[in-house]
Amino acid sequence: MSIYTVWTRTGSLSEGHFPMPAVATPTMPPPTLDNPAGGALGFIFTTLPALLRLTCGLFAAGVAVSVQTPPVEQAVLLPAVAVLTGWSLWYAHRALRHGIGPVLVAGDVAVTALTCLLIPVLVAPEVLPGEGSWIAVLASTTVINTQATAPARWSIPAGLLVIATYVTGAQAAGNPTEARAHAATLLAQTACTAMMAAVMRRRIGRADRAFVEHQRLTREALVARAAREAERQQNRDLHDTVLGTLTMVGLGAVAGPSTAFRDRCAADLRTLVALTDIHPVAGDGPVPLDGRLRSVVGRLPELAVRLDLAPCAVPVGVADAIGESTYAALSNVVRHAPGASATLRLTRDAIGVVVEVVDDGPGFDLATVPPHRYGLRESIRGRMATVGGRAEVRSTVGVGTRIRLEWPGVG
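Here my numbering is used: the first residue of the sequence shown is 276, the next is one more, and so on.
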């Protein structure tokens, strides 16, 4: 009877359709903020203009009402101050709640431009010179806010419009010197703010692009790492089932045409079929580790194992890793120490969980184990490392081998 015949007769799979262990699909990391720097800049370029407009509007209203010497006309001044105050309050409220859009920018420019044209009837002649009038402050605030909150193709023409209306109003008030002086100031403010905003937006754009690229590389690295781990897990499963059984037959540890061999093949086949069954994991709650270890021993009927298992519960993933690492350790006893007996011990304390596999076989020299050998490196140490545990192997020639599995958690 061939080995392949044994495999097919012990399961329900037909020839040519032998299942491979399922490789878990790598999980994509959760999406993160795409433009953190741009978001921060948007927050700053929304909050500061809103507060600046509110402060300027209230300050200008107070100054305007306090200075009403002729030719300031109260019938014009008070409605203008009321409109300016209301606009400043609504601007700040709207900006802080919904951001600053084109309508808000256009409205602010329109209110300021109209106010500048009314300089002759809103500002006393004695306070107009020196660029210290409340309308001069209002104009400066508007050109600065506009450059910070609108694209340059719109903000620069809007700034020039405010400058033109201020010059027109100041000249109509009979003060061309003030018109020229503050026009120069407004031009400088427009140019400097526009350049600063452009540089900041460009640098912020670069930072966000670099961040997005970093996220992409991180995602790719995580997916690649998950794929490598899935492949390693598949290799461990194959090593501990099919390849392990074939190795035992090749070494003579298990006779080919025997009941023990058929039982071994059936157990391996059930394990592989279970690995191909893709279904959602029902949480990561605690499961009895002692029960899992008893089922592991049941997969090796040819090995005499003395059990000393304390009741213990661990998360599902930890139970899987410890269980399969224990299976690999016991399989090594069958494979390399035929006729030996083993002891499987499970203990727990306040620090963690310890599983020990001790056999009375011939033992071996750890220094002579080739680095490419898969069993100890991946099936035992590698599995334990995936759940934050560790494995320690001690062996003495002529005495036996002790494998200690540790998981630093509380069961």
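Hints in this document: simulated from the structure, not taken from any laboratory. Idealized CB from N, CA, C, for every residue including glycine. Please note that the accuracy of each hint is not assured.
As the list claims (entries may be wrong) - Label pairs and their in silico Cβ distance ranges:
(1) E348 x A463: 29 to 35 angstroms
(2) V487 x L389: 39 to 45 angstroms
(3) R481 x Q349: 49 to 55 angstroms
(4) Q349 x Q446: 22 to 28 angstroms
(5) G337 x A385: 33 to 39 angstroms
(6) A505 x L323: 34 to 40 angstroms
(7) G560 x R620: 23 to 29 angstroms
(8) S570 x T622: 18 to 24 angstroms
(9) S570 x D635: 33 to 39 angstroms
(10) G337 x A427: 42 to 48 angstroms
Inset, instruction - Return the numbers of the hints above that this structure violates; sort them in rising order. - result: When the structure is compared with the hints, numbers 5, 6, 9 and 10 turn out to be violated.
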